[in-house]
Amino acid sequence: MQGYVLAGLVLGSIYAISALGLVLTYSSSRVINFAHGATAYTVAVFFHWLNQVQGWSIPASAAISLLVFSPLLGLALWGILFRHLTHSPPDVRFLATVGLWVALPAGVQLAFPFSQGQILQPQGFATVPVAIYHLSALGVSVNANQVAVLIGGAVVVVGLSALLRATPVGLATRATVDSPRTAAISGINTTMVTAGSWMVGTALAGLAGILLAPILGLSNGEFTLLLVASFAAAVVGRLTSLPLTFLGAMAIGLIQGIAVDFLPSHGVLSTGFRPSVPFIVMLGCLLLYPGLRRERFEVDRRAGARAREVAPPPPLRGWRAAIGPLAVAVALFSVPLWLSTFWVGVVSQGAALAILFLTFTIVTGEGGMLSLCQATLAGIGALTTASLATHSPLFGWLVPNPFSSATGWPIGLAVLAGALVAVPIGLLVASLSLRLGDVYLALATLAFALLIEQLVFARPEFDNFGAGISLGRPIFLGINFNDTSTFFLLLAAIFCVLAVLTVNLRRATTGLVLASMRSSEQAAATIGVRIVRSKLLTFGVSSFIAGLGGALFAITIGRASPDSFEVLIGIVWLAIVASFGTRSVLAALIAGLLFAVVPQLFSEHLPTSWAMVPTLLFGLGAIRLAVNPRGSLFDIQHSVRVLRLRRARRSPTFEGQAPA
Amino acid sequence: MSDPLLHAHEIAVSFGGVGALAGVDLTVPARSIVGLVGPNGAGKTTLFGVLSGLLSPRSGRVELAGADVTRASPQRRARLGLARTFQRLELFDELTVRDHLVVARRIRERRDRSLLRDLVGLGRRPSPGEDEAVDALLDLLDLGKFANQPVPLVPLGTGRIVELARALATEPRVVLLDEPTSGLDVHETERVATALRAARADRGVAFVLVEHDVELVLQLCDDITVLDFGRVIAHGPPDEIRASADVQAAYLGTAPAQKTPR
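Quick note, the sequences are listed as chains A and B, same order.
With the numbering used here as the guide, the letters of the first sequence map in order to residues 1 to 660.
With the numbering used here as the guide, the letters of the second sequence map in order to residues 661 to 922.
Quick caveat, the hints were computed from the structure, so don't treat them as lab data.
Mixed in with the good hints, there may be bad ones.
[What the hints assert, rightly or not] Calculated Cβ distances over 12 Å to all of chain A for the following chain B residues:
1. A690
2. R784
3. P898
4. S904
[Stated by the list, open to error] If you want a taste of the chain B side facing chain A, the calculated C-beta under 10 Å gives, among others:
5. V762
6. R773
7. R860
8. V892
These figures come from a predicted structure and were not determined experimentally.
A virtual CB, placed ideally from N, CA and C, is assigned to each residue, including glycine.
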């Protein structure tokens, strides 16, 4: 028992260090840093590199990593990105940090190639072999890395409290946190304070990362779990209170540590319990904290920065408007004519992903909601479809097969069922957190996605030793879709239908209602928009499309595997869609095709060490949203329209239309 | 006199133990313009929040056309005929001026429920009479030349009139106006006043007006309520209010309440 408490205290201390950094940066700049785990990862890799590859001593490596590298990294990220985000609309703030979360680990793995593979013995503060101390009085053994964590946690808490409570710098920081504007007019250099808080926050992330690495491993996946636990702790502290955040972090760590004592030592529950604690804690806070409700209005009021965006130029009307979409459709359907079968197969994956990516177009582009669980919903759709189609058990329960076919459900029906199953699950997550506003929806969906990944996707019947469930292709209406080109045409047709439906929705009353909600929920409510109902409807539709796209993607690659729908893949998807624009169906298509084609091109023509370059580029694309909030596709269209307007103005028939 | 259209009875609100409103009454008869004035912090915007459903009162009752709506959501009140404008513009930045009216009107017609119709592409067509009604409202408020402009491009004064137009497009019985002329120059203020009179004459809408421009309130309103520190300190027709000593004290201060030197 004492051993488990100790393990819990250790985990809790790491979460606390990381979460304090998160709260510090959030409260000084109002940006939730989804890349917090990624910065921790970056610093931990850098430390490992200094010590193991460069051969520096542990104290020297630690000093350089935490006192030089981390603050500089924090300062650089703040100067390049976060500084610009404080006044951005909430969706841009969210998507740009997601972009960083994608780009940073990719960049690290390019810069430090050793981190591409598995790092067997990540270096911590303790020398190897790690010393173990037996404390007979308490009946526990503690190793030197754990001691380092406990000391680190105590130093951070004491140091941070002393800094904030007893120094002029702390006073300035607290003033800035309370009200940046008031602080600024009373002569506090709020820019310095914010920059400083990002430097300290990054250093705390780095410290947590170095402490975590030897205990849980140095991988991007483990650091995502760290991120979510820190988020949950920060939610306990309402994203602003440092003491409550600390308590929350310790509670999460202790629950995780002690629970190991009571759980079976094998199976999904033993591995799945740890990630479910942050989700449960977060959910409990979201449901029980009365204070969180009021903060929603705070967030909404700051969204006024949207007004500074450039208004879109008038769209084309009449037959001209049809030229672009028709050209795209013709190009898409003619792909089998000018590409080899192999590449048609690659592009098919892209087309299936394009269908899946429409889920982002709807939930984020139209609904203005920030969801990180769309990949998980796609995975649920894919695995349900595969289980039904192959007649394999779901959670040990064999779904009845009322159909005459010997193998399982007809695949068309299985796909539909998979898409439908995703809907209530999506609605459940959304309904729990929607009323609280955007940021909390993003946090809750992230926690939910990790929970499903660890608790459901890891089950042997789905994972099947990493192979997933094999899936055949459909034969219906007398057409055999086993032929690559035929199947591609089917996917292209489905995409076109869904794209048309999406555009219809956008241009109809529903689109107007959603646009009004995105700009001002308060005003929308006062003209009679039922906010929660509209959002749930949108989320439901997007869940359906996610499930459908997931199932189709699984059929395209021939197997439904949880690996294809990991949270970390989902954020890359979101980043690439966002970088082209969440408001455009064409952007979803381009994003899908690029996501399939670019890595293939890289692997054929470039050395394997370049494998992370596409991911890096996708992440950087999303980061660029900080400058170009509507995505690069909108930018191109905008420039074309402006050129057209200029040309028109020069011609004598132009009647002085107001340019944007 | 028949039942009032909107009636607030003994409204009390407090924020974290600090009383913002204490036992405030407000009555709005049909087709009237009721003024709500008072110094900053008197509780005017808070009362608006309670009336429109964005805030819930600690105690008291709000009645709209005879129905108790104290706990009803803003959406529900909107559908019962209560609209409002905001002190800080809350426009839909991605929509044109015309679309503001279209969306408000379609929600009134329950067209936001026709998802299937929208999906197959029929949702773009205007409802019967929609174009005419929207054009009429644009004309009434003199917004015709801005109709197809995105709202981030219209001047502030026009933005306030767009808010009013959007409120009127829901075909309300009563509209709450939160400082409709703040930040406007004399000409723009005159435009707003003209628009209000036109809307009342044309559609029989009642207004509740929160306003710092006391002259405008005295000019426009049939009835005025003065708030100070969360209480009603005067109530009556404009002439009475103009003469009231309490109101003058609240606005100009009395001798002992003068600022003390630091």
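Hints and how they fare:
At roughly 20 Å, the least C-beta separation between A690(B) and chain A is larger than 12 Å, which holds for a residue marked as non-interface. Listed as outside the interface, R784(B) is inconsistent with that label: its C-beta sits roughly 5 Å from the nearest C-beta of chain A, within the 12 Å cut-off. Here P898(B) stays apart from chain A, with its beta-carbon at least about 28 Å from theirs, past the 12 Å limit. Distance check for S904(B) against chain A: the nearest CB is about 32 Å away, which clears 12 Å, and the non-interface claim stands.
With a least beta-carbon distance of about 7 Å to chain A, the hint placing V762(B) at the interface is held under the 10 Å criterion. At about 9 Å, the closest approach between the beta carbon of R773(B) and any beta carbon in chain A falls short of 10 Å, and the interface hint on this residue holds. A hinted interface residue such as R860(B) counts as satisfied when its beta carbon comes closer than 10 Å to some beta carbon of chain A; here the least separation is about 20 Å, so the hint is violated. The beta carbon of V892(B) is not positioned within 10 Å of any beta carbon in chain A (closest approach about 25 Å), and the interface hint is therefore violated.
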